[in-house]
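Asker: These two chains come separately, so use the hints to put the complex back together.
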Amino acid sequence: MPRFTAENTILAKEIIGRYPHPKSALIPLLHLAQEQDGHLAEDAMVHIAELIDHTPAEVIGTASFYEMFKREPVGDYLVNVCTNIACMLMGGEELLHHLEDRLDIRPGSTTADGMFTLEDVECIAACTEAPCLTVNYRYFHKISTDEADQLLEDLRAGRRAHEIPKHGTLARVRQSIPADRRAGAAVPGECGQPVWMTPKDDPEDAPA
Amino acid sequence: MSDQATARTVPQMITGRFQYDDAHTIERYEATEGYAALRKALQMHPEDVHAEIKEASLLGRGGAGFPAGVKWGFCPPGVWPRYFVVNGDESEPGTYKDRLLMERDPHQLIEGVLIGAYATGCAQAFLYVRGEMALAQERIAAALNEAYAAGLVGKDILGSSFSCDIVLHWGAGAYIVGEETALIESLEGNRGMPRLKPPYFPAAKGLYMQPTIVNNVETMANVPWIIRNGAEAYTAYGAESSRGTRMFAVSGHVKKPGVHEVEFGTTTFRDLIYGHCGGIRGNHTLKAFIPGGASAPWFYEEHLDLPLEAGAVGAAGSMLGSGAIVVMDETTDAVKAAWRVVRFFARESCGKCTPCREGTSWLEKVLRRMLDGQGRPEDIALLLDLCDNISPSIAWPPKQTTICPLGPSAVSPIASAIMRFKPEFQAYCGGGDVPTSVTINGKAYLPPEGAPAGV
Chain G
-14 MPRFTAENTI LAKEIIGRYP HPKSALIPLL HLAQEQDGHL AEDAMVHIAE
36 LIDHTPAEVI GTASFYEMFK REPVGDYLVN VCTNIACMLM GGEELLHHLE
86 DRLDIRPGST TADGMFTLED VECIAACTEA PCLTVNYRYF HKISTDEADQ
136 LLEDLRAGRR AHEIPKHGTL ARVRQSIPAD RRAGAAVPGE CGQPVWMTPK
186 DDPEDAPA
Chain U
-10 MSDQATARTV PQMITGRFQY DDAHTIERYE ATEGYAALRK ALQMHPEDVH
40 AEIKEASLLG RGGAGFPAGV KWGFCPPGVW PRYFVVNGDE SEPGTYKDRL
90 LMERDPHQLI EGVLIGAYAT GCAQAFLYVR GEMALAQERI AAALNEAYAA
140 GLVGKDILGS SFSCDIVLHW GAGAYIVGEE TALIESLEGN RGMPRLKPPY
190 FPAAKGLYMQ PTIVNNVETM ANVPWIIRNG AEAYTAYGAE SSRGTRMFAV
240 SGHVKKPGVH EVEFGTTTFR DLIYGHCGGI RGNHTLKAFI PGGASAPWFY
290 EEHLDLPLEA GAVGAAGSML GSGAIVVMDE TTDAVKAAWR VVRFFARESC
340 GKCTPCREGT SWLEKVLRRM LDGQGRPEDI ALLLDLCDNI SPSIAWPPKQ
390 TTICPLGPSA VSPIASAIMR FKPEFQAYCG GGDVPTSVTI NGKAYLPPEG
440 APAGV
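Protein chains in written order, with my numbering: chain G, -14 to 193; chain U, -10 to 444.
Keep in mind that the hints were calculated from the coordinates and are not lab data. Note that CB positions come from ideal geometry on N, CA and C, so glycine has one too. Don't take each hint at face value.
[What the hints assert, rightly or not] Taking CB as the label site, the calculated pair distances span: (1) U:Gln32 x G:Pro58: 49 to 57 angstroms; (2) U:Pro386 x G:Ile(-5): 29 to 37 angstroms; (3) G:Gly143 x U:Pro386: 26 to 34 angstroms; (4) G:Ala142 x U:Glu229: 52 to 60 angstroms; (5) G:Met100 x U:Ala25: 48 to 56 angstroms; (6) U:Pro66 x G:Arg144: 57 to 65 angstroms; (7) U:Tyr9 x G:Asp86: 39 to 47 angstroms; (8) U:Thr390 x G:Asp165: 21 to 29 angstroms; (9) G:Gly2 x U:Ala222: 18 to 26 angstroms; (10) U:Pro65 x G:Ala97: 54 to 62 angstroms; (11) U:Gly67 x G:Arg144: 55 to 63 angstroms; (12) U:Gly148 x G:Gly2: 20 to 28 angstroms; (13) G:Val31 x U:Tyr9: 43 to 51 angstroms.
[To be verified] Which chain U residues stay away from chain G? Per the calculated CB distances, all over 12 angstroms, these: (14) Gly58; (15) Glu121; (16) Glu127; (17) Leu295; (18) Glu337.
Just chain U, same shape as in the assembly (with noise of 0.2 angstroms):
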């Protein structure tokens, strides 16, 4: 097997300007063929600027990978105003790319927004920027302070018919806003708890019970690219069901952590953690890695040739999510992991539905006392039986008891931790004494097939 990156050399389409300093200046934006796309847009009608984001495939990049031009269409069609809201709450752990979009080119969301509003006939578009981020929230007011002065934001922007507000707005510190209803509740100005569904997409009744299309950040700084270039040029790269390129953050035990734009489904986990980043650090060996955020089951060395993409790492068991690669070396105490991964989710809980509220605060707190030397032989079987609670079976994809996916994304982790690493578990129960399977509603939770032997 080959340490060396073999995924070809593609466009930074998103990421190129950030080799300037000044990438966030109108000044630099407009020199690097920036609002090239917007003006190209407006001399298009709305549903061929719709039907190139279709034909271009752009899969959202916020987690659910659900295709963009898609939920744009799935406005109902006589109800106006219609909202564009950006969801740039970005706090998935282990996810760091749309932080860096927002800081460094603000400019391109601002264009994608405004190309996204004047295809699907938004009348005000809102950007929602996670609180905590103070940079990106003064690099997009600055930017917008620009495209205003400059024309190419709010009333008859460049001179067409073609009128949107641009109104930047951020959050106080709520994971949970990520959830795209939580977040329109947060922008309506309450607490942001998510919403029943169905309708299950905003595009139908969001913001005010208007239609409302939520995208991601990453997803919004592709359209300039597309529209600038054109549909077939974007689909020339990445893999059938996963075109253009994407950002992934690969943190934790790698020589070189680093935010990576590479070709969509096509370049593999080995290529990131071991070409792009440089391997494992020092002389360590891979224990595990997270491949999609916190919420993500958790991935192992019979996992790195698969490639990043969606389809590929959902039937291998889990989940592509949000771009956030977290690798642990064989240092990493496995229930240490699993019990800090438990802990945001209790701690980022809502609290309105209870398998949620009540689950991942006890599933902390049995975690806790293992570490703290308490842990008692049933501390498995516990930990298990409290994962069926949250989500039956413990399946995957998750099975919901809860209005979200939190509760439910607390628990696949945490059960693929303990059936790989049972013996580190173990070792936590006062040994000896703790079940070697464990049989919840008839079913009998045994380690995954090809885990090494002894485990």
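If we strip away everything but chain G, and leave its shape as in the complex, we get (with noise of 0.2 angstroms):
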């Protein structure tokens, strides 16, 4: 049960310093958290609460509110089928039926190997391109039932593992504000008006 690794504090720390208050950082430390471990682990969210200085309850009380957030482990291929009412109408339903048999197991199960996670979920804004599916969040669009077949295929033979990174990791570009084009963050009580915000009517603007 893990807490951040050396690099993963000092990233976390990094994150913190971009916003105003530092339970702002929350929601992407965790994703840090479950980036690193490929869940949350307990000693990872007490670690987020020491960086952040509140309790562990209260790290918990946000995390248990996403469902993004897997506080048990997942398979290393999180396979979401949308159901909602678009691809409900051009089969989305049949897909995740399918996928049910293929991987004999229930949405919200994992197989024994620990390979695959199948959830049967809300709209993914990819609505005009229904039936669709996402792995680890990457995008199946119009998948036919012997797509998805070829697709479970190439994923245990690792022949994804270029363009899909395993359960956790997101974005793997990551934002980074150079030192010294960081404007800073804007902290309530220590900001005035900005300076580019002189009045109109301001003296030096009016014609000599």
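Answerer: Encoded structure:
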């Protein structure tokens, strides 16, 4: 049950520094913990609580609200099938049932080999491309049952590893703000009127 | 009635760069007028930039359709710092536009945000992207890194006195976070539960109780075009009430589902469904369509010639919402479609208000029971009674018993489906002994005028 690694602790502190209040970094730090361990390990949440100066209960309180945060291990590949209205009309439920049969699990469960977790999810904003699914939040549009079978096979064989990172990693590109370009967090109580907001009738602007 | 699109061709103001595979890079963006608007804005006084947006009558594209320029003016004077927050938590069922804008043209969004922050005096901006959108997060992160390196974001932007960090932030899976006060709670690191109103606008008290402007992704994507070409050029397009263009996603049973940027307020549902999207699939006929996301009451054949304009759609008993049109042909089971929409709201209720938390899940359970062959003769009356408890009188626009509109949003589409397709609901309720009208609080619920005979 790991805490943040030394490297991730530095990154966590850098992320906290971007926000006017440390608690705003909570969701980004939970994502970082999930990226590190594949799910939210308890010690990582305790570590986050220390870093943002809140209680572990507050950290879990926030984490438990959001369905992307997994407090138990899930499969390497999280397969999310949309069954909301647009996908339902175009075969989303049939796609989900097909995958239930293929993986021999019900939505919300993980295969015995720890490879796949299947979920029946709400609209993922690909409605014109229905039916659709995501694997670790990478989109597959207008996917047939045959294509889904091929996808599972490719994932098992590791042929998609270059495009689909293991569960926990979202964006593989991270924002980084160079120190010399940083404007800084706007902390309440420490900021006055921005310099570019001088009133329009400022004498400096008036014709001589 | 013609099946041909009648709307005129208009400039692709916000999707114009989608034709390029590399539209997400700063090279392509700068080669296609990118950041010209920011340079122009920085030569103008912030108040003049704000006035230009106000003049353009840019309506919010998130769902409520509130004019952005007016919203920007709600910040109380002399209270600093102010924050600029972009709502990229697109998740209303049927809605697919913001993800495209973030993945395909992230610099356009960044430029829009910078101009917005400059005009309103915001010292820091946050881009709140939906958690499930990994590619959008990658593209925006890469674009921000490019823009920082080019001196376009951060300190002393382009050598001016304007300084503003843009922080990319993403959610973790919760529809309700699309509600702006819930989004602010989430950005503060809390559970994404909507705040009690008033204050109605976060512009008065938002992030950390400071003045905060929250705008949708598509809204901000329009800003560079407006500044580059001027409000006058912008208002040359669209209806008087709805200027410019707007993106609409048409999904479901059409020949060519797709996202189209069309003239706002003048294009009709028929233009989109039968023109751009080729009409209903196969030899099927239209049964119903959702005009503005899952929260919107359904529309039918007789509504096809309505313009995509909030006033007209509102007067006809629904809403334009988030530009999401879901088309259902005659093979669609109305009860099942209603159940699926309700199930969404039941799953996504944040649980704060009792009518929504309990009401949506009971609606879902009753509809599920009907679909499972266990419907009871009194179930239609029960469903309407539940609806009435969440949103009194099942009126349109909905009345609220809750802090935010999520619960009432589940009611109107279901009530409209029950009224229109009563025989289908009756068939799931054991037929026979079903009341032909339902009275709640002294008001009789009957099929709407003009409904086909027998309904």
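Asker: Report the numbers of all earlier hints that the structure fails to satisfy, in ascending order.
Answerer: 2, 3, 8, 9, 15, 16, 18
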